[in-house]
Amino acid sequence: MSNTYFCKELNKELPSVTTILNIIAKGEGFNNWLKKQGANADKLLTDAGDFGTNIHNHLETIGKGDILDTSLFKPKQKRCVEAFQDWVDKNVKRFICTEQSVYNIGEEYAGTEDSVVELLDGRIALLDYKTSSYIYDTHELQACAYLKAHELSYGIKIDTAYILRFEKNEDKEKDMEEREVRNIDYQYEVFLATLKLWQWKNKYKKGVINDTKRKENLLKK
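Under the UniProt record's numbering, the residues of the sequence shown are numbered 1 to 221, in order.
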């Protein structure tokens with residue numbers, strides 16, 4: 001996932017939502033877990049990353065309406081995909097977009113949302129897919145940031161957001177967990193406060209256009 005997104009309107013690179021939220025410490029529990037894993041930590045993190053990438057790719061295929069061949073899937077991957085398809089069948093009328101880049105030009109951040117759907121009850125919802133061990137508070141901030149950026153980018157009112165977490169641990173019986181995001185406006189304000197902290201920490205100058213990048217673009221025309 002990109003750390004920055006080039007914004008033509010501002011002629012500058014904008015930080016991604018995930019980059020901004022990385023300024024929030026993962027916490028003592030995560031650091032203790034890394035210490036306990038020792039030399040095995042790198043492999044576990046790599047395997048977790050591979051699982052997450054594969055699941056996202058599979059769900060993107062479903063969201064685009066393409067045929068997904070599950071014959072070569074590992075058992076856990078197959079169960080996660082089936083759990084997602086079951087959730088979609090019970091809740092979703094149609095996919096509006098999948099893997100869509102969104103920009104908030106006014107606040108100067110960007111990102112790639114997983115999916116936006118129309119639910120069976122008529123509401124429009126943003127879906128954010130996770131393969132972490134838990135649904136963290138920062139995941140809700142991330143979803144709210146994408147939601148507001150999508151509304152500004154495409155002029156579509158989004159009513160709610162869901163975080164869908166897929167369990168990578170084979171020993172866990174439950175394959176998918178869902179959480180509807182609450183207090184979206186308040187959590188978006190918390191994200192904006194985090195954005196300001198990130199801008200301060202990284203000496204990011206809001207509203208300053210990258211003249212070098214602008215000149216390069218003019219020469220290409």
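The hints are simulated quantities; they were obtained by calculation from the structure and are not laboratory data.
Incorrect hints may have been included.
[Stated by the list, open to error] Capping the alpha-carbon separation at 25 Å, the derived lysine-lysine pairs in DSS-like fashion look like this:
id: 1; residue 1: K76; residue 2: K64
id: 2; residue 1: K201; residue 2: K64
id: 3; residue 1: K196; residue 2: K8
id: 4; residue 1: K78; residue 2: K205
id: 5; residue 1: K76; residue 2: K203
id: 6; residue 1: K174; residue 2: K196
id: 7; residue 1: K203; residue 2: K8
id: 8; residue 1: K74; residue 2: K196
For each hint, the structure was consulted:
{"no.": "1", "hint": "K76 x K64", "result": "holds, 22 Å"}
{"no.": "2", "hint": "K201 x K64", "result": "violated, 38 Å"}
{"no.": "3", "hint": "K196 x K8", "result": "holds, 22 Å"}
{"no.": "4", "hint": "K78 x K205", "result": "violated, 46 Å"}
{"no.": "5", "hint": "K76 x K203", "result": "violated, 43 Å"}
{"no.": "6", "hint": "K174 x K196", "result": "violated, 38 Å"}
{"no.": "7", "hint": "K203 x K8", "result": "holds, 21 Å"}
{"no.": "8", "hint": "K74 x K196", "result": "violated, 42 Å"}
Hints 2, 4, 5, 6 and 8 from the list above are not met by this structure, while the remaining hints are.
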